[in-house]
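A.B. asks: Quick note: the sequence shown uses the working numbering, first residue 5, plus one each step.
Simulated from the structure, these hints should not be mistaken for lab results.
The calculated DSSO-like cross-link candidates involving lysine-lysine, where the alpha carbons are at most 30 angstroms apart (straight line), are:
{"id": "1", "residue 1": "Lys-246", "residue 2": "Lys-170"}
{"id": "2", "residue 1": "Lys-214", "residue 2": "Lys-132"}
{"id": "3", "residue 1": "Lys-146", "residue 2": "Lys-246"}
{"id": "4", "residue 1": "Lys-170", "residue 2": "Lys-146"}
{"id": "5", "residue 1": "Lys-137", "residue 2": "Lys-170"}
{"id": "6", "residue 1": "Lys-148", "residue 2": "Lys-132"}
{"id": "7", "residue 1": "Lys-170", "residue 2": "Lys-214"}
{"id": "8", "residue 1": "Lys-170", "residue 2": "Lys-148"}
{"id": "9", "residue 1": "Lys-64", "residue 2": "Lys-48"}
{"id": "10", "residue 1": "Lys-148", "residue 2": "Lys-137"}
{"id": "11", "residue 1": "Lys-19", "residue 2": "Lys-61"}
{"id": "12", "residue 1": "Lys-214", "residue 2": "Lys-146"}
{"id": "13", "residue 1": "Lys-246", "residue 2": "Lys-148"}
{"id": "14", "residue 1": "Lys-214", "residue 2": "Lys-137"}
{"id": "15", "residue 1": "Lys-48", "residue 2": "Lys-61"}
{"id": "16", "residue 1": "Lys-137", "residue 2": "Lys-153"}
{"id": "17", "residue 1": "Lys-153", "residue 2": "Lys-214"}
Pairwise CB distance ranges (calculated):
{"id": "18", "residue 1": "Glu-161", "residue 2": "Leu-264", "range": "16 to 26 angstroms"}
{"id": "19", "residue 1": "Asp-98", "residue 2": "Asp-222", "range": "45 to 55 angstroms"}
{"id": "20", "residue 1": "Glu-99", "residue 2": "Phe-21", "range": "17 to 27 angstroms"}
{"id": "21", "residue 1": "Pro-108", "residue 2": "Ser-136", "range": "27 to 37 angstroms"}
{"id": "22", "residue 1": "Gln-96", "residue 2": "Gln-157", "range": "39 to 49 angstroms"}
{"id": "23", "residue 1": "Met-58", "residue 2": "Gly-9", "range": "25 to 35 angstroms"}
{"id": "24", "residue 1": "Thr-219", "residue 2": "Val-271", "range": "25 to 35 angstroms"}
{"id": "25", "residue 1": "Gln-96", "residue 2": "Ile-247", "range": "41 to 51 angstroms"}
{"id": "26", "residue 1": "Gln-33", "residue 2": "Asp-158", "range": "18 to 28 angstroms"}
{"id": "27", "residue 1": "Ser-136", "residue 2": "Glu-102", "range": "33 to 43 angstroms"}
{"id": "28", "residue 1": "Val-15", "residue 2": "Glu-161", "range": "40 to 50 angstroms"}
{"id": "29", "residue 1": "Phe-60", "residue 2": "Glu-99", "range": "18 to 28 angstroms"}
From a predicted model like this one, the values you see are computed outputs, not experimental measurements.
Cβ atoms here follow ideal geometry from the backbone N, Cα and C, with glycine treated the same way.
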Amino acid sequence: MADIGLTQELVEVMKEFESPKFMVTKDSQGEPNVVPVLSWTVYKDNTLVYGDFMTFKSRKNVNDGNTQMSILVFTANLDSWLIKADFESYHQNDEIYEFVAQTPLFRYNEYTNARGAGVAEAFWTSQKYGISKMNVLAAFLKSKMAGRKVPTQDTVEGNMPLNVMKRLSQMAAVKIITYISEDGYPVAFLEFGTVPVSSNRIVVKRGEEKRRGFTLRDGTRVAISLVTLEPAAFQLKGYFRKIDDSTGYIELDCVYTCSLPRPGLRVDIPLLTPEV
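Take the sequences, apply the hints, and build the full model.
C.D. replies: Structure, rendered in structure tokens:
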């Protein structure tokens with residue numbers, strides 16, 4: 005199922021700033037967290053580095069000692085790899101930090117500066133998985149048809165704002181599903197068969213999960229990263245519920261924005277109205 009070490013093809017994809025990369029961590033309670041972090045790249049051999057910029061929750065997770073992490077990397081053609089790694093530390097004012105400072109995101113942008121260079125040691129990579137345009141369309145249409153199998157229920161928390169629901173309904177939107185695997189490492193995979201059924205329920209086809217040898221069990225805590233071309237990014241969290249071996253759904257209880265101007269803002273609960 006897997007190749008140990010980084011292949012030359014994966015190294016070249018990692019070195020391209022434009023290649024989408026998602027950093028997956030967990031907190032001390034096993035809560036998965038996934039955010040797009042384009043600055044991840046290869047420093048030397050299996051040592052990976054990134055420039056810490058607006059990765060507040062991810063930084064807190066690894067600084068709290070939860071060093072088991074993963075990185076999902078994919079290309080514009082939807083070839084993807086999952087890398088499992090152990091986070092080591094953040095560097096400042098040394099050669100590793102200077103290496104990160106010279107990468108395209110930070111070298112040519114006077115408005116962004118890395119707070120530190122995060123270093124992780126990769127020890128496992130998946131094989132390359134490709135997804136064709138026809139598979140994207142098929143998964144999307146199957147999930148739309150499977151929506152009637154999902155029970156709905158009103159809740160106070162976990163309700164997507166209308167703008168998030170509209171983005172999640174787009175076939176071309178990037179949707180990453182993550183959870184903590186049995187070995188303690190978070191894993192992630194692309195799944196375009198992910199569409200909203202209501203403001204707090206998302207139906208999920210399980211094709212890509214099964215193809216990669218993963219197993220989402222009923223009640224598993226999951227996080228979804230949603231990224232669109234606007235650009236806009238959100239993170240949705242909840243519990244996976246099994247319908248059958250090909251279909252499931254997610255009961256949402258948290259929705260966050262991952263974009264400027266307020267990354268990390270929770271947007272699923274009503275804002276308090278100030279007293280007049």
